[in-house]
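Using the sequences and the hints, build the whole thing.
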Amino acid sequence: MPPAETRQQAAIPAQPAVAGAPAVAAVPQSVGVGTSTPTDVAGLGRLRAVGFVAPALVLIGVFLVFPALWTLYIGVTNYRLTGVAARTPDVVGLDNYRRALSDPTFYRSLWITLLFVFGSAVIGQNGLGFVFAWGLRGARPWVRRLAEAFVLLAWILPASVVAFLWVALLERDGGTLNELLGRTPGVPWLVEYPLLSIVVFNIWRGTAFSMMLYSAALSAVPPSHLETARLAGSSAAQTLRDVVLPHIRRYALTNTLLITLWTFNDFSPYLLTAGGPNHRSETTPVYIYNTAIVGGQMGYSGAISLLVLLINLLLALVYLRAARTSRRLSGG
Amino acid sequence: MQRSIGVHTRALAVIAAAVLVSGTAAGCLGKSSTSNNGANANADAKQFTLTIAANGISGGKNAKGADWVQNWVIPHFVADQKAKGRTATVKFQGSGAADEDYKSKVALDLKSGSGADIYALDGIWVGEFADAGYIKPLDDLVGADKVSAWDGWSQIPPSVQANMSYNNKKYGIPNGTDGRVLFFNKKLFAQAGLPADWQPTSWDDILTTGQTLKSKLPGVTPIQLNGGTAMGEATTMQGALPLLVGTGQQIWANGKWQGNTQAMRDVLTMYDKIYKGGLGDPVLQEDAKGRDESFAEFAAGKIAILLESDYFWRSVIEPTQGIDKMADRDQVVGWAKIPAMKPGSGIRGQDFVSMSGGGGNVINPATKYPQQAWELLQFMNSKDAVIAYLGGAAQITQRQDVNSQVLSRDPMLTFISQQVLPLTAFRPGFAVYPQVSQALQQATLDVVSGKSPADAATAYQQSVAGLVGGADKVASG
Chain G
33 MPPAETRQQA
43 AIPAQPAVAG
53 APAVAAVPQS
63 VGVGTSTPTD
73 VAGLGRLRAV
83 GFVAPALVLI
93 GVFLVFPALW
103 TLYIGVTNYR
113 LTGVAARTPD
123 VVGLDNYRRA
133 LSDPTFYRSL
143 WITLLFVFGS
153 AVIGQNGLGF
163 VFAWGLRGAR
173 PWVRRLAEAF
183 VLLAWILPAS
193 VVAFLWVALL
203 ERDGGTLNEL
213 LGRTPGVPWL
223 VEYPLLSIVV
233 FNIWRGTAFS
243 MMLYSAALSA
253 VPPSHLETAR
263 LAGSSAAQTL
273 RDVVLPHIRR
283 YALTNTLLIT
293 LWTFNDFSPY
303 LLTAGGPNHR
313 SETTPVYIYN
323 TAIVGGQMGY
333 SGAISLLVLL
343 INLLLALVYL
353 RAARTSRRLS
363 GG
Chain Y
21 MQRSIGVHTR
31 ALAVIAAAVL
41 VSGTAAGCLG
51 KSSTSNNGAN
61 ANADAKQFTL
71 TIAANGISGG
81 KNAKGADWVQ
91 NWVIPHFVAD
101 QKAKGRTATV
111 KFQGSGAADE
121 DYKSKVALDL
131 KSGSGADIYA
141 LDGIWVGEFA
151 DAGYIKPLDD
161 LVGADKVSAW
171 DGWSQIPPSV
181 QANMSYNNKK
191 YGIPNGTDGR
201 VLFFNKKLFA
211 QAGLPADWQP
221 TSWDDILTTG
231 QTLKSKLPGV
241 TPIQLNGGTA
251 MGEATTMQGA
261 LPLLVGTGQQ
271 IWANGKWQGN
281 TQAMRDVLTM
291 YDKIYKGGLG
301 DPVLQEDAKG
311 RDESFAEFAA
321 GKIAILLESD
331 YFWRSVIEPT
341 QGIDKMADRD
351 QVVGWAKIPA
361 MKPGSGIRGQ
371 DFVSMSGGGG
381 NVINPATKYP
391 QQAWELLQFM
401 NSKDAVIAYL
411 GGAAQITQRQ
421 DVNSQVLSRD
431 PMLTFISQQV
441 LPLTAFRPGF
451 AVYPQVSQAL
461 QQATLDVVSG
471 KSPADAATAY
481 QQSVAGLVGG
491 ADKVASG
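Quick mapping for you: the protein sequence lines, in order, are chains G and Y. Each residue of the first sequence is one higher than the last, beginning at 33 in this note's numbering. Each residue of the second sequence is one higher than the last, beginning at 21 in this note's numbering.
Calculated directly from the structure, the hints in this document are not laboratory data. Please note that the accuracy of each hint is not assured.
[As the list claims (entries may be wrong)] Some, not all, of what chain Y presents toward chain G, calculated at C-beta under 8 angstroms:
#, residue
1, 98
2, 127
3, 149
4, 153
5, 250
6, 306
7, 308
8, 367
9, 371
10, 458
Glycine included, each C-beta is placed from N, C-alpha and C at the ideal position.
Below, the structure written as structure tokens:
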């Protein structure tokens with residue numbers, strides 16, 4: 033029975049830790065993972081190694097893999113929050129995906145998300161964070177501490193509190209901004225400029241991270257390089273471009289990709305505009321919420337969620353690849 | 021060779037695990053129809069805890085109802101139970117949220133088989149909640165004999181009972197009904213040289229009055245007709261539907277939903293005339309908090325005409341407990357019947373129209389004490405409790421014996437019960453209605469934010485056809 037024999041042979045190396053040394057000695061040593069003596073540095077052996085990572089794997093399974101599979105499943109049903117389809121959902125195959133891919137509202141939400149991410153994270157938080165870090169570099173310690181404290185405060189306050197403050201700021205009647213500008217009747221900022229409002233809001237809220245990261249990055253620029261540039265008579269712009277940037281390029285990349293991912297999934301704009309008026313500030317996470325919870329279309333929003341998950345994976349891949357490339361560049 | 025088999029085995033294991041997980045998942049999706057508690061579960065309990073949930077909160081939205089539960093229902097019910105030798109603990113779970121948010125919250129509570137024992141619901145949610153298995157007929161929950169034994173039913177008219185019924189089964193006890201009228205500010209009207217006993221007889225009348233107000237009173241918004249999705253059902257009930265019945269059509273009739281019909285285009289054209297003609301404030305319709313702001317503006321004398329139900333009179337601009345108190349409400353605020361598009365063009369050939377709704381309380385099927393919850397529900401709807409709720413004010417309650425005593429106290433409510441209720445119409449009690457309503461809200465939003473009525477009606481037709489299962493169930497043309 034040659035097939036069975038082959039199978040047996042193949043099976044043995046797969047369980048060396050259980051079978052023990054004699055069984056393994058009977059078959060030719062295979063290279064790599066399946067050998068009896070632990071080849072890992074820690075000397076744990078496979079079983080104990082598995083035991084060691086099991087808690088982490090369980091956590092990942094419960095909080096990452098299961099929800100992903102669940103979303104995948106919901107996405108192929110017509111599951112709703114209420115009505116008959118809440119009790120007995122039917123499997124509708126790829127209908128939800130077909131609908132999502134031909135839904136202009138979905139594409140609009142992606143476009144708005146793109147503008148939101150680009151405006152508030154890539155340009156706004158990145159730029160302002162760097163300006164703060166660079167500008168505060170030479171400031172007196174107390175000025176620096178104070179400025180940093182204020183920027184950090186915007187970051188650490190709970191989103192609901194912050195949203196309440198911003199609604200009060202941007203209100204048409206009696207809002208702080210309109211009062212300051214002396215506008216009567218006031219401008220309904222959240223209705224007339226909803227996207228701009230949430231972009232500015234998110235810059236204000238998230239700049240702290242970029243600022244801290246760039247502060248740390250800037251301290252990695254050797255002072256001697258800056259001194260040399262100064263002696264050589266280079267302008268501030270030249271110094272930035274030729275001395276500072278090469279040193280902080282990797283930090284800038286990491287920062288940009290991290291805040292891109294966060295901002296892509298950020299839900300706090302909902303607290304200001306609820307996606308409105310008429311979907312004009314409806315980023316994809318808000319669109320999913322409005323579809324699932326307000327509209328009750330759980331199945332459809334499950335399908336969109338999965339598409340968003342794929343986009344996130346793609347972004348993460350881009351991040352990993354870019355990080356590797358840049359490491360190779362600066363390491364080489 | 022060995023290696024590749026190993027890889028295959030592992031891949032198979034992963035797939036098997038995935039199938040297993042999604043298999044269990046499939047088992048969880050949806051709601052099992054079996055009730056976990058029988059009708060007589062814990063019926064003899066000497067000690068029990070019940071929770072009442074409603075979208076009202078002391079000092080905020082529907083404060084009156086919240087205060088009533090906390091200060092009257094709970095202490096009196098607890099005392100009543102004590103006299104029967106039982107120790108009851110009753111809690112109130114208030115909310116002060118927009119109706120749509122409250123609905124989502126309740127749906128999620130019921131879906132997970134947890135939450136309060138008694139929930140206040142809007143009547144139009146009953147169908148979709150019942151279809152989902154989130155709520156159950158009272159007969160199934162507490163026993164048909166016990167339900168029919170309640171003497172209160174005889175005081176509740178069938179049309180009001182229908183608010184909390186679905187497929188001819190009672191799901192809860194209703195808490196009255198309402199009617200819609202045009203409220204207007206007599207002070208502003210006087211300044212513009214308009215009569216204090218204003219009663220328009222056509223839509224054009226409303227528009228002409230709006231023009232007069234606009235030219236005479238700069239800075240005042242002439243008309244607030246709810247539009248847009250942010251206001252949710254308030255747009256449908258206080259905007260689109262009162263107009264629609266004024267064209268002679270109902271949102272659902274003879275097996276068909278209104279689609280892109282002449283009536284619908286007329287309704288949307290009215291929105292167009294108000295919001296593009298500068299007679300209304302489009303921003304309020306688009307703002308996430310627009311409805312609350314419109315109330316505040318009316319109370320501050322910045323809006324002249326506003327279409328609302330008597331809820332506005334009782335709970336919003338009420339001088340002592342309202343959200344936006346108007347101390348001089350009784351002198352300043354007038355009301356008029358909603359005219360049909362043209363005299364005689366309303367449903368049933370009427371000159372004037374209105375819409376009515378109403379909510380009530382249901383029992384959570386997951387309650388541990390169904391009998392005690394039913395007892396509490398009856399207690400909340402007893403004559404004494406309803407009178408205590410009114411506290412000297414008037415309202416069209418569920419109980420005729422109370423109405424006959426209290427309605428004469430308030431001229432506004434007398435007007436509603438005598439002049440408006442005979443004209444009124446109700447929404448269809450189908451589970452799909454709230455979705456059609458959302459499509460209708462979107463159509464008004466499209467117009468308010470710039471689309472032409474014809475384009476908005478076309479888009480509306482398309483979404484309704486998708487919702488109700490085909491164009492053959494939608495009237496058009």
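For each hint, the structure was consulted:
With its C-beta approaching chain G no nearer than about 33 angstroms, residue 98 of chain Y sits outside the 8 angstroms limit, and its interface hint is violated. Proximity of residue 127 of chain Y to chain G holds as hinted, the smallest CB-CB distance being about 5 angstroms (cut-off 8 angstroms). At about 6 angstroms, the closest approach between the beta carbon of residue 149 of chain Y and any beta carbon in chain G falls short of 8 angstroms, and the interface hint on this residue holds. This hint holds: residue 153 of chain Y has a C-beta 4 angstroms from the nearest C-beta of chain G, less than the 8 angstroms allowed.
Hint on residue 250 of chain Y holds. Least Cβ distance to chain G is approximately 6 angstroms, under the 8 angstroms limit. A least Cβ separation of about 3 angstroms between residue 306 of chain Y and chain G falls short of the 8 angstroms threshold, and the interface hint therefore holds. A hinted interface residue such as residue 308 of chain Y counts as satisfied when its beta carbon comes closer than 8 angstroms to some beta carbon of chain G; here the least separation is about 4 angstroms, so the hint holds. Taking 8 angstroms as the C-beta cut-off, the interface hint given for residue 367 of chain Y is violated, the closest approach to chain G being about 27 angstroms.
At about 35 angstroms, the closest approach between the beta carbon of residue 371 of chain Y and any beta carbon in chain G exceeds 8 angstroms, and the interface hint on this residue is violated. With a cut of 8 angstroms, the hint placing residue 458 of chain Y at the interface with chain G holds, because the nearest CB-to-CB distance is about 7 angstroms.
The structure fails to meet hints 1, 8, 9 from the earlier list, while all remaining hints are met.
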